[in-house]
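Listed below, chain by chain, are the residues.
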Amino acid sequence: MRALFAFLAGGLFGAGLLVSGMTDTTKVQGWLDIFGAWDPTLAFVLGGAILPMAIAWRVAAKRRSSALGTALPAKPSVQLDPRLLTGSALFGIGWALAGLCPGPALASLSYGGTQGIIFLMAMISGMIIWRAIDLGLTGKGKAA
Amino acid sequence: MIQPDWITGLIGGLMIGSAAALFLLVNGRIMGASGLIGGVVDGSGWSNLIERLAFLAGLVGVPALIALATTRPDTHLTGNLLIVAIAGLAVGIGTRMANGCTSGHGVCGISRLSPRGIVATLVYLGVGAATMLIARHVMGVI
Numbered sequence: 001m002r003a004l005f006a007f008l009a010g011g012l013f014g015a016g017l018l019v020s021g022m023t024d025t026t027k028v029q030g031w032l033d034i035f036g037a038w039d040p041t042l043a044f045v046l047g048g049a050i051l052p053m054a055i056a057w058r059v060a061a062k063r064r065s066s067a068l069g070t071a072l073p074a075k076p077s078v079q080l081d082p083r084l085l086t087g088s089a090l091f092g093i094g095w096a097l098a099g100l101c102p103g104p105a106l107a108s109l110s111y112g113g114t115q116g117i118i119f120l121m122a123m124i125s126g127m128i129i130w131r132a133i134d135l136g137l138t139g140k141g142k143a144a
Numbered sequence: 001m002i003q004p005d006w007i008t009g010l011i012g013g014l015m016i017g018s019a020a021a022l023f024l025l026v027n028g029r030i031m032g033a034s035g036l037i038g039g040v041v042d043g044s045g046w047s048n049l050i051e052r053l054a055f056l057a058g059l060v061g062v063p064a065l066i067a068l069a070t071t072r073p074d075t076h077l078t079g080n081l082l083i084v085a086i087a088g089l090a091v092g093i094g095t096r097m098a099n100g101c102t103s104g105h106g107v108c109g110i111s112r113l114s115p116r117g118i119v120a121t122l123v124y125l126g127v128g129a130a131t132m133l134i135a136r137h138v139m140g141v142i
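Order-wise, the sequence lines are chains C and X.
Going by the numbering used here, the first residue of the first sequence is number 1, and it counts up by one from there.
Going by the numbering used here, the first residue of the second sequence is number 1, and it counts up by one from there.
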């Protein structure tokens with residue numbers, strides 16, 4: 001059951017990314033190009049996505065567990081650390097250069113061509129590189 | 001029938017948010033793309049590997065079916081493979097270092113007013129806009 005609903009959530013997420021224009025790098029780069037031909041579409045995407053999720057968090061706050069009986073996420077941490085800031089800055093550079101973030105990179109895998117596959121391979125390499133650095137830095141690394 | 005971009009953006013956004021709501025309320029999990037992918041490829045999330053793989057199968061498979069059934073969408077991703085590789089590496093390292101990306105910090109974080117999610121989003125949007133200014137308008141490489 002968890003796998004079935006995970007598949008449905010992933011599918012709806014992917015369809016939403018395609019419909020919204022998030023897998024079109026010109027829309028993403030246009031949104032970040034505030035000093036050029038600015039494209040405000042992504043504000044509607046983000047706003048549209050936050051709305052149902054804000055309701056979901058309110059519903060979740062009144063529940064002890066998920067519908068399938070698994071634990072709900074813990075309260076968000078308020079800790080701001082150098083990793084959050086450095087990592088987000090690095091992500092911002094990559095997101096702007098290519099116009100792809102992790103979700104759309106996978107959603108567009110079937111139609112993104114060779115360069116889409118190269119982006120995904122580089123992204124996965126980056127994730128593994130960070131894991132290795134993290135394990136080296138902490139001695140054991142933190143669980144995801 | 002061609003819809004204006006802001007309408008398809010809003011509809012797609014509502015679908016993304018509904019997917020995140022489903023994943024939270026039914027599976028009890030935060031829908032963060034970089035975390036779900038990262039946990040599979042670096043081995044840190046293998047305790048719930050099946051759930052992750054099912055999510056990723058939907059994420060890749062459903063857009064593939066839509067692309068087959070309708071016109072093939074264009075990502076307009078640059079053919080400059082050096083830029084593509086550098087960008088991919090930066091996204092991979094950055095999102096795992098920050099423990100989140102546009103979906104986890106952006107959609108799921110902001111909607112619960114998480115300070116980390118809000119700060120992360122402000123940083124990647126700000127740095128993204130600055131990168132755009134430098135790479136496109138100063139250096140002219142993208």
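Fair warning: there could be bad hints in the mix.
Ranges of calculated distance between the beta carbons of each label pair, as one might list FRET restraints [as the list claims (entries may be wrong)]:
1. X/Leu49 to C/Met121: 19 to 27 Å
2. X/Ile7 to C/Leu135: 43 to 51 Å
3. C/Arg58 to X/Asn80: 16 to 24 Å
4. C/Ala67 to X/Leu53: 16 to 24 Å
5. C/Thr138 to X/Ile50: 36 to 44 Å
6. C/Thr138 to X/Asn80: 19 to 27 Å
Covered stretches of chain C (chain X as the covering partner; in silico rule of three or more C-beta atoms under 8 Å from a C-beta of chain X) [what the hints assert, rightly or not]:
7. 2 to 16
8. 60 to 74
9. 81 to 89
Because the hints were derived from the structure by calculation, they are not lab data.
All C-beta atoms, glycine included, are put in the ideal place defined by N, C-alpha and C.
Status of the hints after comparison with the structure:
Our hint of 19 to 27 Å for X/Leu49 and C/Met121 holds, since their Cβ atoms are close to 20 Å apart. At roughly 46 Å, the beta-carbon separation of X/Ile7 and C/Leu135 lies within the given 43 to 51 Å, and the hint holds. In this structure, C/Arg58 and X/Asn80 break the distance hint of 16 to 24 Å, their C-beta atoms being roughly 45 Å apart. Between C/Ala67 and X/Leu53 the beta carbons are some 21 Å apart, a value that agrees with the proposed interval 16 to 24 Å.
In this structure, C/Thr138 and X/Ile50 break the distance hint of 36 to 44 Å, their C-beta atoms being roughly 28 Å apart. A beta carbon spacing of about 36 Å between C/Thr138 and X/Asn80 contradicts the range 19 to 27 Å that was offered as a hint. Coverage of the region 2 to 16 of chain C by chain X holds [criterion: at least 3 residues with CB-CB distance below 8 Å; count 15]. Interface restraint, the region 60 to 74 of chain C with chain X: holds (10 residues with C-beta to C-beta distance below 8 Å; minimum three).
Against chain X, the region 81 to 89 of chain C contributes 7 residues with a C-beta closer than 8 Å to a partner C-beta. That satisfies the three-residue criterion, and the hint holds.
Of the numbered hints stated above, those contradicted by the structure are hints 3, 5 and 6, listed in ascending order.
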